[in-house]
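> Below, each chain spelled out in residue letters.
Protein chains: 2
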Amino acid sequence: MKYGYMGKILRVNLTNKTFSEERVTEKLAREFIGGAGFGLKYLFDEVPAKADPLGPENKLIFAVGPLSGTSAPCASRMAVTTKSPLTGAVGMSLTGGYFPVELKFAGYDAMIIEGKSDKPVYLWINNGNVSFRPAEKVWGTNTIDCQQLIKDELNDQNIRIACIGPAGENQSKLACIINERRAAGRKGLGAIMGAKNLKAIAIRGSQPVAVSSDSQFSQAKTSMQNAMKESPVLYSTFAHTGTPLVVEVTSELGIFPAKNWTETGVVAPVAKLGVEANAAKKVGKEHCYKCPVACSQLKLVREGTYAGAISVPEFEAMYSLGGQTGVDNLDSIIAADRLCDELGLDNMSTGVTVGFAMELYEKGILTQEDTDGVELNFGNHEAMIKLISKMAYRRGIGAILADGVKVAAAKIGKGAEKYALHVKGLELPGYDVRGAKAHGLNYATAYTGADHNRGYAFQEIFGIPVPEAVDRFISHGKGRLTKWNQDIRTATCDCPTMCAFLLDMAFPATAAQNAADMLNGATGLDFTAEDIEKVGERVNNLARAFNVREGFTRDDDNLPERILTEPLKEGSSKGQFISKDELNQMLDDYYAERGWTAEGVPTKQKLLELSLDTAVTELEKLEKI
Amino acid sequence: MKYGYMGKILRVNLTNKTFSEERVTEKLAREFIGGAGFGLKYLFDEVPAKADPLGPENKLIFAVGPLSGTSAPCASRMAVTTKSPLTGAVGMSLTGGYFPVELKFAGYDAMIIEGKSDKPVYLWINNGNVSFRPAEKVWGTNTIDCQQLIKDELNDQNIRIACIGPAGENQSKLACIINERRAAGRKGLGAIMGAKNLKAIAIRGSQPVAVSSDSQFSQAKTSMQNAMKESPVLYSTFAHTGTPLVVEVTSELGIFPAKNWTETGVVAPVAKLGVEANAAKKVGKEHCYKCPVACSQLKLVREGTYAGAISVPEFEAMYSLGGQTGVDNLDSIIAADRLCDELGLDNMSTGVTVGFAMELYEKGILTQEDTDGVELNFGNHEAMIKLISKMAYRRGIGAILADGVKVAAAKIGKGAEKYALHVKGLELPGYDVRGAKAHGLNYATAYTGADHNRGYAFQEIFGIPVPEAVDRFISHGKGRLTKWNQDIRTATCDCPTMCAFLLDMAFPATAAQNAADMLNGATGLDFTAEDIEKVGERVNNLARAFNVREGFTRDDDNLPERILTEPLKEGSSKGQFISKDELNQMLDDYYAERGWTAEGVPTKQKLLELSLDTAVTELEKLEKI
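Each protein sequence line maps, in turn, to chains H and R. Counting from 22, one number per residue, gives the positions in the first sequence under the working numbering. Counting from 22, one number per residue, gives the positions in the second sequence under the working numbering.
Read the hints as simulated data drawn from the structure, not as lab findings. Keep in mind that the hints are not guaranteed to be accurate.
Just so you know, same-sequence chains aren't split out, so a pair can sit in one copy or run between any two.
Stated by the list, open to error - With a straight-line cut-off of 30 Å between C-alpha atoms, the simulated DSSO-like cross-links for lysine-lysine are:
no. : residue 1 : residue 2
1   : LYS140    : LYS303
2   : LYS293    : LYS140
3   : LYS306    : LYS140
4   : LYS137    : LYS306
5   : LYS137    : LYS432
6   : LYS411    : LYS439
7   : LYS384    : LYS71
8   : LYS303    : LYS38
9   : LYS306    : LYS432
10  : LYS306    : LYS38
With the sequences and hints as input, model every part of the structure.
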C-alpha cells in the first residue's frame with residue numbers, strides 16, 4: 022500500500038471470536054481516501070438492506086485517514102460508521118483525541134467489527150495482536166472508570182480506549198462511544214457496541230507512520246500551517262474561546278434555539294452561557310494529537326451544588342443542555358455534560374430530548390405522575406440532571422426518553438410528535454434553521470439526519486463568502502451551496518481525516534487543494550483538488566444510495582412542523598421560517614444540483630460517473646433506479 | 022548509605038519554593054529503620070511544641086522503608102507523619118498502592134514538606150528534579166480527576182500521584198490523602214496539604230533499588246513467602262474475601278458496632294454486609310506493588326440508584342458507612358465509599374460522624390432545621406450520601422460535622438459530647454472494645470488516638486495465641502499485650518515498611534525475625550529480632566514524648582462514656598463493658614509495662630535506654646520529667 026496508509030484493515034468477528042487482516046487496495050484509497058469514505062464503502066457493501074441495526078448483521082467500522090498519525094496538524098480524527106439504530110439511516114460520526122492515531126500506530130487504517138459476542142467482552146489490540154477479553158469487570162462502569170480499569174488490568178497506562186457507558190449497555194439509541202473525554206456522538210453508535218456485548222476497545226501501537234515524500238509532505242504542511250495562521254479567528258480568538266464563541270454568534274443572528282425552539286435566546290445565553298461566562302470556569306485546554314489550536318476548553322465548577330464537576334462542554338452543550346432546556350445555570354450544564362460523558366449519552370440528543378419532555382410537561386402532556394414526581398419545567402437544572410440518569414438506565418420516564426424524541430413521541434402519543442424536533446429521528450443541533458436556510462436544507466438532506474456536521478453552512482453563520490456570499494434568509498441557491506458544503510466537508514474533513522474547523526475557520530477556499538497537497542505528500546497518490554471534491558460527492562452519493570436501499574424517500578428529507586409553521590418571534594431573525602413550499606423548492610434545487618431524481622434518488626448515470634457500480638446493482642435490484 | 026535505602030531525603034519548602042537533599046545516616050537507619058520511624062524522628066525534632074497543625078510550622082513527612090521498591094512482597098507501604106489537626110497529637114497513617122515505591126524509584130527514602138505556598142501548587146518530582154507547578158487547574162477537582170489531569174498535563178501516564186480532594190482543600194479535619202484508589206486516612210492529613218496549598222504530589226522514578234546481599238535477601242524472601250503460604254487464612258480465605266471477612270468475625274464475637282454503638286449488629290450485618298453480600302458485588306481485585314495476595318476487592322454496583330458506583334470498601338467502610346449509620350444497603354455503602362475517596366474524606370471518621378449526627382437527630386438534639394431538611398434517621402442512606410458532600414464542602418450542617426465528632430459536639434452543645442465516640446478526637450474504628458479489652462486499651466493509649474492500626478489485638482479477634490492466648494473479656498494482662506502489639510506492629514510493619522496483614526494473618530510469632538532477616542538482606546545492617554522490637558518501642562516512646570510535649574496527659578488516655586457505662590445489650594459479648602476502674606487498672610498495668618510514670622509519661626531512664634536523648638532534653642525543659 023501507499024505510504025500514509027498502514028495498508029491493513031482489521032476485521033473482528035465477535036460471534037466467533039476471530040480476526041483477520043485485509044489489504045487496503047489502491048482503488049479503495051483513490052476512491053474513498055479513508056475515514057468516512059472507507060466506512061461508507063464497507064457499510065454499503067457488507068450490511069444487508071433492512072438489517073436490524075442492533076442485530077449481529079450490523080457492523081461498526083472505525084476508520085482513520087492517511088494523515089492520521091503523521092505529523093500533519095489537526096488530523097487525529099476517526100470516523101465510526103454503522104447503520105444507526107436511532108435513524109435507520111447511515112450512522113457516521115467522527116471523534117478526535119488520541120484513540121484514532123493509536124489505531125494507526127497499532128497497524129490499521131480501519132477496523133470492522135462484526136457479529137455479536139455471547140458475553141460482555143472488550144477488545145485488546147496490541148500492535149497487531151488481537152484478543153477478546155472478558156468484560157464482566159467493567160460492564161456497568163462509567164466511561165471514565167472503564168478506561169482506567171482497563172489500563173490497570175492490562176498494566177499499561179498508555180493504552181487508549183474507546184468504550185461505552187451504561188447508556189450503551191442499555192442500548193439507548195442516544196448512546197455514544199467515548200474515548201478519553203471525546204465522543205463519537207449522536208446516532209446511537211454506543212447502542213451498537215452494547216448490542217454486540219462490546220464494552221470497549223483498547224489499543225496500543227508503536228508502528229511508525231511513514232509519508233511518501235518527506236519534502237513534498239513537509240512543504241504541504243508548511244503551507245497548511247501558514248494558511249492556518251492567516252485565519253482571522255483560529256488562533257486569535259477560537260483557540261482561546263473554543264466553540265462557546267458560537268453562542269454569541271448565533272445569539273446575534275437570532276438563531277440560538279431556546280426552550281424546545283419556542284424561543285430564540287438573544288440576551289440571556291450570551292450573558293450566562295457565552296464566552297465570558299465560560300471563560301470564568303475555564304481551567305485549561307485539551308488537545309487532540311498534534312493539534313496546535315486546542316479548542317477544547319476544560320471547565321471546572323469550584324463552588325455550589327455542582328462543585329467538582331469538570332468537563333469540556335462545547336457550543337452544542339450550551340444549546341442542548343442550556344438553551345433548549347431553558348437552563349442558564351452554567352455549572353449545571355458542565356455537570357450535565359460530564360454526566361452524559363460518564364454515562365455515555367450523546368449530550369446533544371440528550372439535551373434536546375430533555376427540552377422536548379419539558380415542553381410536554383409544561384403543556385400537560387406529561388404530568389408528575391409520568392415523571393416520578395420530578396417537576397419538569399423549563400429551566401429546572403436539577404430535573405435535567407435527574408432525567409439524564411434515568412435515561413441512561415431506562416428508569417421510569419427515562420425508559421420512554423432513552424431512545425430520543427421520535428421514539429418517545431410515538432410512545433407518548435397525545436400529539437407529542439408535534440414537539441419532537443428531529444429529522445429522520447436525529448434531534449436538531451443548535452442552529453435555528455429558520456434563520457439559516459442552507460443549514461435547514463442540510464438538516465433535511467444530510468445522510469445522517471439533522472446533522473450540522475455533514476454540511477455546515479459557515480457562509481451563513483460566519484459570513485464567509487466561499488464559494489460565494491449568501492443571504493441566510495433566502496432559499497434561492499441553497500441547493501447548490503448545500504451540495505458544495507456537504508461534499509467539501511466529506512472530502513476534506515471526514516475522509517482524509519482532518520478537523521472540520523480548518524474548513525469552517527481557516528481556509529475554505531483552498532480546502533480541497535490543501536487536502537490534495539497533504540494527501541499527496543503522505544500517500545503519493547497524486548490527487549488533484551477535483552479528485553478530492555469528487556470523493557466527497559462519491560461518498561455522499563453512496564450514503565444516499567444506502568438510505569434509499571433502506572427505504573428512505575423524499576418524504577424523509579423533511580423538517581419538523583415547528584420549523585415549517587412557526588415564525589421566529591424575536592431577535593435578528595424575527596419572522597423567519599421555512600415554509601413547506603420553500604423547503605420543497607430547495608429540495609428540487611438540491612436534487613437537481615446532485616443529479617438525482619425529483620424523488621431524491623441518485624440516477625444510474627450519476628452513480629456510474631462516480632464509479633459506484635455496486636450501488637447501481639443494488640438499487641436496480643430494488644427497482645429504485 | 023546502606024543498600025535498600027536510596028540514602029536521600031528530599032526536603033521541600035513550599036514558602037520559598039526551594040528544595041534540598043539530605044543524607045540518611047546509618048544512625049537514623051539503625052534506630053528508626055524507615056517509614057513511621059523516620060516520620061516520628063523528624064516530626065519530634067522539627068515541629069515545635071504547640072505548633073498550629075494547619076500552620077506553616079507543621080510538616081508533612083512521607084517515608085517509605087528499606088524494603089519498598091525491592092522485590093520484597095507486601096512492602097509497598099508509606100508512612101505519612103505530621104501533627105494531626107484532628108487530635109493535636111501525632112498524626113501518622115500508612116498507605117499502599119504504587120505511589121510509595123515511585124517515591125523510592127525517584128531516589129528518596131523520605132520527603133519532608135515544609136512551609137506554605139501562597140498559591141495552590143502541586144509538586145512534580147521526576148527522578149530528583151523537583152518543580153513547583155501551579156495547581157489552579159486542578160484545585161477544586163476530585164481526587165480521581167485530579168490524578169488524570171496531572172498525568173495529562175505532564176504528558177506521562179505512568180506518573181503516580183498523591184493528592185487531596187475538596188475536603189482537604191476546605192481543611193476538613195477528616196480529610197485524607199489519596200493515591201490511586203488508596204488513602205493515607207484518618208487524622209486529617211489531607212487538611213495539612215490543603216492548609217499548605219499543596220493539591221498534589223506527582224512522582225516518576227526509574228532508579229533501581231539494590232539490596233545489600235542478593236543471596237541473603239533471596240533466602241529471607243523465600244522464607245517469608247513460605248511463611249505466608251503456611252498462614253491458614255491469607256491465601257485460602259483472605260485473598261478471596263478481603264477485609265469484609267471481619268464483618269463476620271466481629272459479628273460472631275458480638276462486637277460489630279451499630280447505630281453509633283447503641284447496638285451490636287449480629288445478624289443483619291453478616292447477611293447484608295458480609296462476605297457473601299460483598300462477593301456478589303465483586304468484579305475484581307486490586308494489588309499493591311509486588312503483593313501476591315491482593316486483598317482489595319473491587320466492587321461495582323450494576324443496578325438501581327447507585328448503579329455505576331465502583332470502589333474498594335474495606336471492613337471499616339462496612340462498619341463506618343454501614344453498621345454505625347444503621348445503613349445495610351451495600352450499594353449505598355459502595356457509593357458512599359467512592360464518594361469519600363473522590364472528595365478526599367476519610368471514610369471511617371466520616372461514617373462515624375454521620376452516625377453520630379443520626380443519633381443526635383433521633384434524640385432531637387439536631388432537627389430538620391439544622392439539617393437543611395434532611396431526615397437524618399439511622400438507616401437513611403440517601404441522607405448519608407447528602408451529608409458526605411455537605412461535609413467535604415462545609416455546606417449547611419456539613420460545616421459543623423466537617424471536623425469530626427469532637428469538634429461537632431462542642432459546636433452543637435446540648436450534651437452532644439456524650440454521643441461523640443472518639444479518643445483524643447479520633448473517631449472509633451469498627452471493633453466494639455467492650456467485648457475486646459486489649460483493643461480498648463490500644464484505643465485509649467495509641468499515639469494517634471483511637472486507632473486500631475497502631476496495636477491491633479489479633480489475639481482477641483482471630484484467637485491467635487501469640488505471644489499468648491488471651492480472654493478478650495478480661496482486662497488482666499492487657500497492659501503487657503498492648504505494649505507488645507503496639508511495638509511489634511510499629512517495628513515490623515510501620516517502619517520497614519510492610520503490610521500489617523502479614524502480622525495479623527500470617528506469622529505474628531516470627532514477625533520480628535522475619536523483619537530482621539528481610540532488612541538484613543536488603544540493608545546489611547545486621548539487625549537482630551531484638552533490635553527490631555526495640556525500634557518499635559523507641560518509636561512508640563518518641564511518639565508518646567511528642568504527645569506529652571503537646572500537653573497530653575493520662576486523662577487523654579480515655580474511652581468514650583458509652584463504652585465505660587453502657588454494657589453491650591446483645592450477642593456474644595452481651596453484658597460486657599469497660600468500667601472506668603477497669604480502664605484505670607489497664608492503664609496502670611500498661612504504663613508499668615512501658616516503664617512510664619503513673620501519669621503515662623516516659624521516664625528519663627526509659628528514654629535514655631532507647632537513645633532518645635532529644636526527648637529527654639525536650640521533656641526536661643517542660644519539666645515533664
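> With reference to the structure, classify each hint as holding or not holding.
Here is how each hint holds up against the structure:
| no. | hint | verdict |
| --- | --- | --- |
| 1 | LYS140 <-> LYS303 | between (41 Å within a copy, 18 Å between copies) |
| 2 | LYS293 <-> LYS140 | between (46 Å within a copy, 28 Å between copies) |
| 3 | LYS306 <-> LYS140 | between (38 Å within a copy, 21 Å between copies) |
| 4 | LYS137 <-> LYS306 | between (38 Å within a copy, 28 Å between copies) |
| 5 | LYS137 <-> LYS432 | within (28 Å within a copy, 60 Å between copies) |
| 6 | LYS411 <-> LYS439 | within (24 Å within a copy, 43 Å between copies) |
| 7 | LYS384 <-> LYS71 | neither (37 Å within a copy, 66 Å between copies) |
| 8 | LYS303 <-> LYS38 | between (44 Å within a copy, 26 Å between copies) |
| 9 | LYS306 <-> LYS432 | neither (41 Å within a copy, 43 Å between copies) |
| 10 | LYS306 <-> LYS38 | between (39 Å within a copy, 26 Å between copies) |
Taken one by one, the earlier hints fail for this structure at numbers 7, 9, listed in ascending order.
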